[in-house]
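There are 4 protein chains.
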Amino acid sequence: MTALSFDRKLRFADCDPSGIAYFPSYLNMLNGVVEDFWAGIGFPWPDLITVRKIGTPTVHLTCDFSRPSMFGNLLTFKLRVGRVGRASLHLAHVVSGADGVRWRARQILAATSLVDHHAIPWPDDIRAALVAHLHADEATQVAPS
Amino acid sequence: MTALSFDRKLRFADCDPSGIAYFPSYLNMLNGVVEDFWAGIGFPWPDLITVRKIGTPTVHLTCDFSRPSMFGNLLTFKLRVGRVGRASLHLAHVVSGADGVRWRARQILAATSLVDHHAIPWPDDIRAALVAHLHADEATQVAPS
Amino acid sequence: MTALSFDRKLRFADCDPSGIAYFPSYLNMLNGVVEDFWAGIGFPWPDLITVRKIGTPTVHLTCDFSRPSMFGNLLTFKLRVGRVGRASLHLAHVVSGADGVRWRARQILAATSLVDHHAIPWPDDIRAALVAHLHADEATQVAPS
Amino acid sequence: MTALSFDRKLRFADCDPSGIAYFPSYLNMLNGVVEDFWAGIGFPWPDLITVRKIGTPTVHLTCDFSRPSMFGNLLTFKLRVGRVGRASLHLAHVVSGADGVRWRARQILAATSLVDHHAIPWPDDIRAALVAHLHADEATQVAPS
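Here the protein sequences line up with chains A, B, C and D, keeping their order. Start counting the first sequence at 1; every next residue gets the next number (full-length UniProt numbering). Start counting the second sequence at 1; every next residue gets the next number (full-length UniProt numbering). Start counting the third sequence at 1; every next residue gets the next number (full-length UniProt numbering). Start counting the fourth sequence at 1; every next residue gets the next number (full-length UniProt numbering).
The hints are simulated quantities; they were obtained by calculation from the structure and are not laboratory data. Just so you know, these numbers come straight off a predicted model, no measurement behind them. All residues carry an ideal CB built from backbone N, CA and C; glycine is no exception. Each hint can be trusted.
Cross-link-like lysine-lysine pairs, in silico, PhoX-like; alpha carbons within 25 Å at most:
no., chain 1, residue 1, chain 2, residue 2
1, C, LYS9, B, LYS78
2, A, LYS53, C, LYS53
3, D, LYS9, D, LYS78
4, D, LYS9, A, LYS9
5, D, LYS9, A, LYS78
6, B, LYS9, B, LYS78
7, D, LYS9, A, LYS53
Sample of chain C residues facing chain D (criterion: CB under 10 Å; computed from the structure):
no., residue
8, PRO17
9, ILE20
10, ALA21
11, MET29
12, ASN31
13, LYS53
14, THR56
15, THR58
16, THR62
Please work from the sequences and hints to get the whole structure.
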């Protein structure tokens with residue numbers, strides 16, 4: 001399975017008084033990309049959250065910002081499913097502009113019940129959809145944890 | 001030098017439809033804490049950025065979110081200066097609620113020129129102020145890199 | 001009853017690449033002021049929303065932005081309760097900086113049930129608290145609509 | 001000239017703990033629509049702001065929110081150029097969901113110099129592009145004020 005790709009424009013609202021991307025806005029954009037990923041695999045968040053009462057909070061995040069992005073830049077977010085745990089999902093993100101990589105992130109989401117915000121195993125249908133998008137290179141990493 | 005502490009209330013605007021803190025809003029709050037830290041050591045960002053044309057972009061961030069925060073929760077952000085490099089600043093953050101730690105972060109800021117967004121060494125006055133807040137346990141980590 | 005006053009600093013996150021306050025961030029700040037007003041009169045939103053299932057969505061807003069605010073400016077938000085309707089609350093806001101008024105807003109909130117998002121009359125205890133803060137000049141405007 | 005139309009999805013990040021659109025996020029979305037309008041008529045904001053040092057701050061805004069929008073809703077933003085003044089631009093916005101109009105706004109932007117944040121007349125090329133999009137019904141409203 002190849003990486004999934006999402007284009008975004010760096011908007012006025014996402015930039016700061018020093019003229020570059022505001023990093024919390026970058027993470028807001030990243031969250032929107034993850035939201036689109038879930039819709040793309042057949043499990044849009046409005047259904048997951050509102051109907052099935054399943055949340056997917058981020059429990060870990062590592063980001064490296066290597067080059068600044070300027071207002072108006074076109075960015076490509078590439079997302080890879082790196083691992084599907086029993087109640088977790090590991091994503092790797094690479095965000096690029098015209099001159100190459102701008103930043104990278106590794107993110108772990110947890111499956112939780114929105115009734116008590118405790119971790120739950122991925123339901124079978126969701127798990128199957130996630131595994132289907134697992135990056136080929138990392139297919140051996142599917143594991144029950 | 002002890003940790004610096006900042007209280008924040010988790011506002012309506014910072015929470016999401018699943019009823020807990022939205023993680024990019026958490027990082028927006030963190031950025032505001034860092035902004036207050038700079039003002040507290042005598043170098044408010046409006047002066048740094050507008051007058052001296054020095055930026056302090058985040059180049060690395062690692063976060064672990066261990067327990068959810070709910071709308072209305074009171075949070076305490078504790079900030080430690082872990083290391084002052086030639087052109088970098090390492091900060092460690094611990095964010096706690098009534099029941100203990102909610103999340104932790106390690107953040108590296110770079111000193112940059114806002115003329116070309118390239119790294120620059122910390123000017124002497126800024127460097128002195130940062131070193132004065134270096135965490136005692138980590139004082140041996142002051143280094144020229 | 002005199003106007004209620006809330007001080008705010010215009011943060012890095014609230015400013016845009018042109019160097020002044022981003023107007024949606026202004027409204028985010030305004031919403032935080034209204035949130036603090038509700039807490040101040042004894043009905044904090046977390047209780048209203050989470051426990052009593054009462055929402056207070058904004059149904060009308062008029063803003064006039066007369067002078068720009070710059071990053072780092074200190075702003076004072078003054079709020080007046082102008083009218084308490086059967087299911088509505090009229091607020092008037094004046095936001096000032098060191099050189100006088102920066103912007104003004106008139107806002108109407110509605111009382112709604114969060115079960116179906118339909119308008120409901122203010123419960124008696126809430127209505128009493130709102131009326132107690134009605135601006136003296138406008139006290140004759142308490143009306144059942 | 002017919003109205004200009006922009007589709008938007010109401011994202012997770014735009015909704016609040018009561019489950020509906022957060023109104024400052026609505027205005028952030030509106031600002032993005034206006035940003036796209038400017039790019040569409042040949043004057044993208046990054047050029048205007050960064051190269052030509054022209055800002056387009058909002059000086060007046062009136063909004064009426066008639067029905068709530070829920071997380072995941074598809075919204076259509078229709079924008080009409082209602083009037084092109086000497087140094088101002090009047091826009092009318094209608095935002096609709098599947099069940100009809102959700103909210104409306106009237107917005108006045110000013111042309112300003114980003115050197116001193118004072119009003120300036122629209123440069124001729126910009127003025128021509130704006131007038132070309134003036135709504136036919138309101139074409140008589142082109143005026144020098």
